[in-house]
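Below are the chains, spelled out letter by letter.
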Amino acid sequence: MIERLVLWFDDRLGAAPFLRHALRKAFPDHWSFMLGEINLYAFIVLVATGTFLAFFFDPNASEIAYHGPYALLDGEMVSRAYASALDLSFKVDGGLLIRQIHHWAALVFVAGIVVHMGRVFFTGAFRKPREINWVVGMMLFMLAMLAGFTGYSLPDDLLSGTGLRIADSVLLSVPVVGTWASMLIFGGIFPTARMIPRLFFTHVFILPALIAAAIAVHLAILWRQKHSQFPGPGRTERNVVGSPMFPRYALKSIGLMLAVACVLAALGALVQINPIWIWGPYHPWQVLSPAQPDWYVGWIEGALRLGPPLAIHLWGHTVPSPFWAGVLLPLLLFAVVLPWPWIEAALSGDRAPHQLLNVPRDVPVRTAFGVAIFVLALGLTLAGSDDVAARYTHVPVTDFTRFYQYFCLLGPPIAFGIAYAVASELRAKGGVHKAKRVRLRRNARGGFDAEELT
Amino acid sequence: MNSRERAIAGALIVAMFGSLGFVAAYATGGDRLYEGIALAAAFGGLCATAIGWAFWIVPDEQVADAIEEYPSPPEVRGALAGELRTDLREVSRPRALVRLLYVAAGCVVAALLVPIRSLGPNDQGRLFHTRWKRGDRLVREDGSAVRAADLNVGSIVTVFPEGWLGDAQSQAALIRVPSDTPGTAQGYLAYSRVCTHAGCPVALYRASAKQLLCPCHQSVFDVLRDGAVVSGPADHALPRLPIEVAADGTLRALGDFPVPVGPGFWERA
Chain H
1 MIERLVLWFD DRLGAAPFLR HALRKAFPDH WSFMLGEINL YAFIVLVATG
51 TFLAFFFDPN ASEIAYHGPY ALLDGEMVSR AYASALDLSF KVDGGLLIRQ
101 IHHWAALVFV AGIVVHMGRV FFTGAFRKPR EINWVVGMML FMLAMLAGFT
151 GYSLPDDLLS GTGLRIADSV LLSVPVVGTW ASMLIFGGIF PTARMIPRLF
201 FTHVFILPAL IAAAIAVHLA ILWRQKHSQF PGPGRTERNV VGSPMFPRYA
251 LKSIGLMLAV ACVLAALGAL VQINPIWIWG PYHPWQVLSP AQPDWYVGWI
301 EGALRLGPPL AIHLWGHTVP SPFWAGVLLP LLLFAVVLPW PWIEAALSGD
351 RAPHQLLNVP RDVPVRTAFG VAIFVLALGL TLAGSDDVAA RYTHVPVTDF
401 TRFYQYFCLL GPPIAFGIAY AVASELRAKG GVHKAKRVRL RRNARGGFDA
451 EELT
Chain Z
1001 MNSRERAIAG ALIVAMFGSL GFVAAYATGG DRLYEGIALA AAFGGLCATA
1051 IGWAFWIVPD EQVADAIEEY PSPPEVRGAL AGELRTDLRE VSRPRALVRL
1101 LYVAAGCVVA ALLVPIRSLG PNDQGRLFHT RWKRGDRLVR EDGSAVRAAD
1151 LNVGSIVTVF PEGWLGDAQS QAALIRVPSD TPGTAQGYLA YSRVCTHAGC
1201 PVALYRASAK QLLCPCHQSV FDVLRDGAVV SGPADHALPR LPIEVAADGT
1251 LRALGDFPVP VGPGFWERA
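In the order they appear, the protein sequences are chains H and Z. Counted from 1, the first sequence has number 427 at position 427 by this note's numbering; the numbering is strictly sequential. To get this note's numbering, take the position in the second sequence, counting from 1, and add 1000.
Think of the hints as simulated: they come from the structure by calculation, not from any bench. Values in this document were obtained by computation on a predicted structure and should not be read as measured data. A portion of the hints provided could be inaccurate.
Said to hold, decoys possible - Pulled a few chain Z residues facing chain H out of the computed Cβ check, cut under 10 Å:
hint: 1; residue: T1049
hint: 2; residue: R1117
hint: 3; residue: A1168
hint: 4; residue: Q1171
hint: 5; residue: G1232
hint: 6; residue: P1258
hint: 7; residue: G1262
hint: 8; residue: F1265
To be verified - Calculated Cβ distances over 10 Å to all of chain H for the following chain Z residues:
hint: 9; residue: P1094
hint: 10; residue: R1099
hint: 11; residue: A1105
hint: 12; residue: L1119
hint: 13; residue: Y1205
hint: 14; residue: P1242
Note that CB positions come from ideal geometry on N, CA and C, so glycine has one too.
Sequences are here, hints too, so could you generate the full structure?
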């Protein structure tokens, strides 16, 4: 059957040479090489569940009195967007499960991208010839964060409306073009009736299309360049050794796809996420406390909490405080991380193409830099929930803010120093060596003989 | 069937029962919990099958591919570079025309960007002014006007200008302090509720310290010092709404906020 189908295609497309090669293509086996695939499969789950949700969501800001299964909100004035988000959770069969799987898949999607980026960074997989895919990957990271943010802003609940208000304030803080950008994006002064339909179109069409295109480019380049590999017997800078694409690698990958679907279904069933009926509808004069955004926005939220209360006034113009934490800091971070392949090549003078990966200890400067960025991101993210920490520890939130300010200023350089020292020492020793196990035996002279155990 | 094949068969049966369970949960009222667990079982069974198949049934073999597709051989690269150089030289011979082409292309792109303007009105005036005007009564969320006798010392209420209930830019916090507090309208003060840091409602009030707190990024403002920033990331004071107690006992605005409300922006002095 399959044989005849393949031959049918070969009659028309001459596909036999390509298929023969493709089915035997080598994919190196290492657990960390599967991380990127988690994101691909999370994206497939997102498209499938998102399509279902889009059939029921009504991106409409006009207000109606809510009457529905959630009795506690009966009679409340809510937007049609919020009402339809409640209805697709409570009235549509299977709707709540699909909505929860969708939201969980979004969190996993961005988390998987971050972990995959870490793998690529710490093993030097971004080096020539793979710089293009590093940049495409960074684009995917930014698109994924935007897709997540526009997505959880859609239901027009109290948490999402407040988040949009903060995003608008960050936009307003941009010098020269800030107010223009804010009004063009929101269609007037925040909050507007246009913002929900615009967010909806961006979230369900523009961003998924861009992400799908970027994934296609990412995978096409990977296919062309072939996967990198860790050093080992028979592996060189000009080959790749691994399982054949078919049948073994394909089966493993399908297994991973089903594992992602299984975990997301279980999360959607068991762990409640974004219960918008508890947050309530968005009214611009109401707010939740404590309130946290989705985890991948936490670092910007934290930066805004820690940022200096500093406005600069120049010739009748203002650069207000959210600019430093909400615009300048992310821009600076991306300005270093995005061109990192070229920065590292300039620092090390290494411009040769690489097929063999590094172990993190091999390149102490890179590893130390990566650890420093991680510590900074961690500090900012934790600062984004300092109000929750204050609530549970009864320590004043201002003390937490002060602590995280020091943590984010001093933590990264200290982490850089420690990571550099550890990596350098491990490199000098050639890796981690386990202590040898010996058996001590009393000898006839009263001393001890050591006998090595294997 | 050996034990490994039996294990895979078991996983496939789990997947079948999972799908059955999913349909059953859907058909009997659609409880999120049972639907999701059944779905997870269906996917999990298939997942175990694929993994088991990959490791137990498919032979473990290693293949090696040489990297030969790139870079291309030097003679091909050289030929391409040479051809490109010749073509470009010939194409760009009329120098003046090339320059004109760049300018024209720039014009076309600029013209195509102009309709972006339709996305939103430049409603900058509303960043500078709210709906408050002299004589407006201060009304609560439910539309009722606040009278001087209404609030106890230490209490706070959200108010809007009459006729503009729920207006985001105009929302204000009306606070009652002891009547003999200097600089107040018989013990009443009103501040903008739009945080001067990132625009969240300044919704928390600590009556003991007479401080307003923003729950989003924890900026703290002093009610008795004209809304000055006590701590947090806000870079300027909360604007104070001038109010009076009118002859009829209601609280009324004496005008708009003296400075723009909310977070800073470029055009603000």
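Evaluation of the provided hints:
no., hint, verdict
1, T1049, "holds, 8 Å"
2, R1117, "holds, 8 Å"
3, A1168, "holds, 4 Å"
4, Q1171, "holds, 5 Å"
5, G1232, "holds, 7 Å"
6, P1258, "violated, 16 Å"
7, G1262, "holds, 7 Å"
8, F1265, "holds, 4 Å"
9, P1094, "holds, 34 Å"
10, R1099, "holds, 29 Å"
11, A1105, "holds, 23 Å"
12, L1119, "violated, 4 Å"
13, Y1205, "holds, 12 Å"
14, P1242, "holds, 20 Å"
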